[in-house]
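What follows is each chain in one-letter form.
Protein chains: 2
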Amino acid sequence: MTLTRQDCLALDAADPLAPLRAQFQLPEGVNYLDGNSLGVLPRSTGQRVAEVIQQEWGEGLIRSWNSAGWITLPQRVGDKVGRLVGAQPGELVVADSTSINLYKVLSAALSIARVNHPERKVILSERSNFPTDLYIAQSLAAQHGMTLKLTTAEQLAQDLSQDVAVLMLTHVNYRSGRMFDMASVTAQAHAVGTLTVWDLAHSAGAVPVDLNGAQADFAIGCGYKYLNGGPGAPAFVWAHARHADRFWQPLSGWMGHAHPFTFDTQYAPAAGISRYLCGTPAVLAMSALECGVDTLLAAEPLGGMAALRAKSLQLTDLFIAQVRERCAGHALPVATPPAHSERGSQVSLACPEHGYAVMQALIARGVIGDFRAGDGTAAEPDLLRFGFTPLYVRFVDVYDAVTALATVLDSGEWREARFNQKAAVT
Amino acid sequence: MTLTRQDCLALDAADPLAPLRAQFQLPEGVNYLDGNSLGVLPRSTGQRVAEVIQQEWGEGLIRSWNSAGWITLPQRVGDKVGRLVGAQPGELVVADSTSINLYKVLSAALSIARVNHPERKVILSERSNFPTDLYIAQSLAAQHGMTLKLTTAEQLAQDLSQDVAVLMLTHVNYRSGRMFDMASVTAQAHAVGTLTVWDLAHSAGAVPVDLNGAQADFAIGCGYKYLNGGPGAPAFVWAHARHADRFWQPLSGWMGHAHPFTFDTQYAPAAGISRYLCGTPAVLAMSALECGVDTLLAAEPLGGMAALRAKSLQLTDLFIAQVRERCAGHALPVATPPAHSERGSQVSLACPEHGYAVMQALIARGVIGDFRAGDGTAAEPDLLRFGFTPLYVRFVDVYDAVTALATVLDSGEWREARFNQKAAVT
Numbered sequence: 061m062t063l064t065r066q067d068c069l070a071l072d073a074a075d076p077l078a079p080l081r082a083q084f085q086l087p088e089g090v091n092y093l094d095g096n097s098l099g100v101l102p103r104s105t106g107q108r109v110a111e112v113i114q115q116e117w118g119e120g121l122i123r124s125w126n127s128a129g130w131i132t133l134p135q136r137v138g139d140k141v142g143r144l145v146g147a148q149p150g151e152l153v154v155a156d157s158t159s160i161n162l163y164k165v166l167s168a169a170l171s172i173a174r175v176n177h178p179e180r181k182v183i184l185s186e187r188s189n190f191p192t193d194l195y196i197a198q199s200l201a202a203q204h205g206m207t208l209k210l211t212t213a214e215q216l217a218q219d220l221s222q223d224v225a226v227l228m229l230t231h232v233n234y235r236s237g238r239m240f241d242m243a244s245v246t247a248q249a250h251a252v253g254t255l256t257v258w259d260l261a262h263s264a265g266a267v268p269v270d271l272n273g274a275q276a277d278f279a280i281g282c283g284y285k286y287l288n289g290g291p292g293a294p295a296f297v298w299a300h301a302r303h304a305d306r307f308w309q310p311l312s313g314w315m316g317h318a319h320p321f322t323f324d325t326q327y328a329p330a331a332g333i334s335r336y337l338c339g340t341p342a343v344l345a346m347s348a349l350e351c352g353v354d355t356l357l358a359a360e361p362l363g364g365m366a367a368l369r370a371k372s373l374q375l376t377d378l379f380i381a382q383v384r385e386r387c388a389g390h391a392l393p394v395a396t397p398p399a400h401s402e403r404g405s406q407v408s409l410a411c412p413e414h415g416y417a418v419m420q421a422l423i424a425r426g427v428i429g430d431f432r433a434g435d436g437t438a439a440e441p442d443l444l445r446f447g448f449t450p451l452y453v454r455f456v457d458v459y460d461a462v463t464a465l466a467t468v469l470d471s472g473e474w475r476e477a478r479f480n481q482k483a484a485v486t
Numbered sequence: 061m062t063l064t065r066q067d068c069l070a071l072d073a074a075d076p077l078a079p080l081r082a083q084f085q086l087p088e089g090v091n092y093l094d095g096n097s098l099g100v101l102p103r104s105t106g107q108r109v110a111e112v113i114q115q116e117w118g119e120g121l122i123r124s125w126n127s128a129g130w131i132t133l134p135q136r137v138g139d140k141v142g143r144l145v146g147a148q149p150g151e152l153v154v155a156d157s158t159s160i161n162l163y164k165v166l167s168a169a170l171s172i173a174r175v176n177h178p179e180r181k182v183i184l185s186e187r188s189n190f191p192t193d194l195y196i197a198q199s200l201a202a203q204h205g206m207t208l209k210l211t212t213a214e215q216l217a218q219d220l221s222q223d224v225a226v227l228m229l230t231h232v233n234y235r236s237g238r239m240f241d242m243a244s245v246t247a248q249a250h251a252v253g254t255l256t257v258w259d260l261a262h263s264a265g266a267v268p269v270d271l272n273g274a275q276a277d278f279a280i281g282c283g284y285k286y287l288n289g290g291p292g293a294p295a296f297v298w299a300h301a302r303h304a305d306r307f308w309q310p311l312s313g314w315m316g317h318a319h320p321f322t323f324d325t326q327y328a329p330a331a332g333i334s335r336y337l338c339g340t341p342a343v344l345a346m347s348a349l350e351c352g353v354d355t356l357l358a359a360e361p362l363g364g365m366a367a368l369r370a371k372s373l374q375l376t377d378l379f380i381a382q383v384r385e386r387c388a389g390h391a392l393p394v395a396t397p398p399a400h401s402e403r404g405s406q407v408s409l410a411c412p413e414h415g416y417a418v419m420q421a422l423i424a425r426g427v428i429g430d431f432r433a434g435d436g437t438a439a440e441p442d443l444l445r446f447g448f449t450p451l452y453v454r455f456v457d458v459y460d461a462v463t464a465l466a467t468v469l470d471s472g473e474w475r476e477a478r479f480n481q482k483a484a485v486t
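Chains as they are written, first to last, in the working numbering: chain A, 61 to 486; chain B, 61 to 486.
One or more hints might be untrue.
[Unchecked claim] Covered stretches of chain B (in silico footprint by chain A; criterion: 3 or more residues with CB under 8 angstroms from a CB of chain A, positions within the stretch not fixed): (1) 382 to 393; (2) 426 to 435.
[Unchecked claim] The list that follows gives simulated cross-link-like pairs (lysine to any residue, SDA-like), each with its CA atoms no further than 20 angstroms apart: (3) A:Lys-181 with B:Gln-326; (4) A:Lys-181 with B:Gln-203; (5) A:Lys-209 with B:Thr-325.
[To be verified] Computed spacing ranges between beta-carbons, pair by pair: (6) B:Arg-302 with A:Pro-412: 52 to 58 angstroms; (7) A:Glu-385 with B:Gln-148: 56 to 62 angstroms; (8) A:Glu-111 with B:Ala-331: 37 to 43 angstroms; (9) A:Glu-111 with B:Arg-174: 48 to 54 angstroms; (10) A:Ala-82 with B:Glu-413: 32 to 38 angstroms; (11) A:His-319 with B:Gly-472: 30 to 36 angstroms; (12) B:Asp-305 with A:Asp-67: 43 to 49 angstroms; (13) A:Ser-244 with B:Gly-253: 41 to 47 angstroms; (14) A:Val-175 with B:Arg-384: 57 to 63 angstroms; (15) B:Thr-437 with A:Ser-244: 55 to 61 angstroms; (16) B:Arg-136 with A:Glu-88: 28 to 34 angstroms; (17) A:His-319 with B:Arg-174: 57 to 63 angstroms.
These are calculated hints, taken from the structure and not from any lab test.
Being a predicted model, the structure only gives us computed values, none of them experimental.
Glycine is no exception: its CB is placed at the ideal position from the N, C-alpha and C atoms.
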């Protein structure tokens with residue numbers, strides 16, 4: 061079943077989701093496979109942000125906190141994100157950064173665990189979890205006299221014992237693209253009395269998520285990857301209704317107060333998820349994020365996240381098959397699980413040698429993925445990472461990316477790629 | 061020395077700072093005296109943010125973290141803010157919200173105090189401090205087994221005893237506009253071994269601040285008031301060099317790591333103030349903030365903060381004199397200190413009756429100040445609050461505002477003002 065480029069163009073022509081791509085402003089000559097790091101620019105964002113700046117801020121000034129609804133932006137945009145991750149209206153708010161929201165929910169989870177199981181002293185997470193999650197957990201573990209224990213996906217079931225207070229996982233691993241079964245892992249955790257905190261950074265807008273269906277306890281996620289909210293966009297935070305009114309979190313700023321505008325001297329948390337707000341809403345950034353989230357909601361009449369997921373799997377299946385076929389002479393083991401149920405919306409290729417240079421050569425050809433260095437072990441090899449966001453990536457883009465990859469490897473042009481290691485934000 | 065409107069126009073014509081007003085896009089028919097709550101829109105902001113959205117994000121995509129310098133925005137904009145508050149380059153960063161930055165520095169200060177004076181169990185602050193500061197302090201006091209003690213400006217010297225671990229004050233009070241002498245209060249605190257945390261929300265860009273000169277320990281501040289950064293703009297954080305490398309703060313996100321892009325599993329704080337960063341920088345919001353800060357730096361060739369301060373005092377002196385003269389038949393005691401050394405850049409008038417309606421009637425006339433309810437005591441009366449930002453407020457604006465206030469009071473038209481209490485963000 062060797063596919064040609066023409067076949068891929070035909071797949072695009074028949075794709076019912078293809079019109080969604082017109083929502084974005086994509087640069088000429090770029091094949092962008094890095095939406096798992098920074099989503100692309102929606103066409104609506106520029107005009108909307110200009111309107112917020114010129115009319116709402118410039119003309120409305122302080123009055124716009126009410127007249128333009130600035131003060132309810134965290135809830136309004138939060139409800140939209142909630143539709144993508146199985147949260148009910150009023151259960152999720154947009155605020156702060158992913159790291160800070162993790163601090164809030166992990167603090168809350170540890171407080172609950174301390175009441176329910178005061179003897180438990182372990183936060184369990186995955187060794188290859190995104191570092192900022194581990195750093196925040198280390199800080200809270202130190203504060204609470206606990207230990208952060210790191211495990212692997214394979215060892216997880218075994219390590220999920222009755223000494224674990226909280227299990228903190230990123231649903232889709234940022235390196236490998238491996239996805240946990242949220243409902244099943246949550247059930248295993250609950251069976252031993254452990255609370256779950258899920259980081260949806262690589263899930264929200266990428267794969268179907270059903271937080272309530274999975275009976276998850278807490279979740280957070282990122283606004284600037286698959287949600288297309290722009291660089292450093294605000295993040296989001298969710299707590300299951302059974303927890304939302306318990307235990308205020310420690311970042312007790314005025315926007316999480318029950319009555320922020322009575323200017324009481326004593327903190328009293330707002331009902332529900334609004335107590336997870338802290339400072340004044342970032343109006344410009346949240347307005348941009350809303351445009352990004354709207355690009356996903358535009359898929360609802362076309363089947364929503366289920367339809368996007370089906371296309372995402374077709375794209376990643378195609379990429380894996382094409383790499384195996386057309387880069388067969390090169391050692392590029394697929395680090396992302398073959399099973400659909402274990403795969404997010406990206407594919408990572410192990411590239412034991414010269415991976416950084418290979419990616420630089422690809423970028424020079426206009427194919428933008430990214431490189432993630434490993435730790436030198438077989439468990440964590442150097443990776444070439446490619447994100448497939450079905451809102452705007454086409455089948456022909458997959459084909460062309462593999463053409464470029466095969467050319468870079470066959471020709472050895474990666475040897476010419478500049479070796480100036482640079483920062484990159486996951 | 062009764063001044064006429066013509067006299068005020070003459071003062072404006074002779075004002076060497078008058079050209080700075082052209083930096084802003086001010087709505088027609090609005091006399092804006094609320095820049096202490098939300099600064100106005102710089103003319104440069106719309107174009108700069110559009111450029112960041114269209115070119116840096118839309119075209120540059122992930123590459124802009126390096127090529128557009130996104131990754132160093134917290135430091136670059138931070139250095140600019142530093143010039144306004146007496147911080148050296150590299151000592152101040154822009155990040156997160158004021159509330160969250162307070163959590164960071166107060167945590168650090170309490171950690172230092174625990175080492176130096178483990179027996180001290182009191183955080184001292186002002187009863188009329190802005191509530192979010194008190195809420196954050198309550199949270200940390202609970203965590204550290206300490207007490208938040210509230211005092212008044214008058215009682216401060218007496219309450220600043222050897223049981224106080226940290227003194228946390230807002231430099232210019234948001235209600236009264238009263239300003240502390242930072243150097244003197246800091247010296248008093250240090251004399252009893254107490255660390256100081258200063259909230260510069262109503263100071264940065266409003267009055268000269270010299271953090272290093274005052275030997276202050278920690279400071280934070282707001283981006284959306286006198287810095288004109290836009291609604292919910294990022295805030296800033298500073299630590300004196302003698303503290304910056306001690307005690308990492310608990311919001312240990314990856315941007316505060318010594319090497320964020322090596323993706324280590326173990327947190328290691330960056331050197332200096334960068335360890336007070338947490339999540340990914342909010343690029344759109346920080347770019348808007350930079351435009352706002354630049355409007356203040358534009359005053360440097362004209363005398364900088366000292367010149368702005370001189371004009372600010374002229375404006376507030378004029379307002380107070382005009383109110384006393386032209387509203388003499390109404391009870392409007394000035395709640396802001398008469399002494400220049402104790403006055404910020406705002407004037408608050410106690411308005412024991414119908415203050416909310418009076419402000420609504422003023423706003424209906426295009427004079428935008430705001431109303432802050434008191435607690436019913438003589439110490440905290442209902443206030444009409446007027447901010448005078450010398451970058452764009454003219455002497456004739458002061459005159460016209462008092463004309464409107466006198467008219468509203470004399471005519472009783474405030475009785476018609478709608479009584480729908482609404483939110484307002486300080």
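Original post:
So which of those numbered hints doesn't the model satisfy?
Top reply: Violated hints: 1, 6, 10, 12, 13 and 17; rest satisfied.
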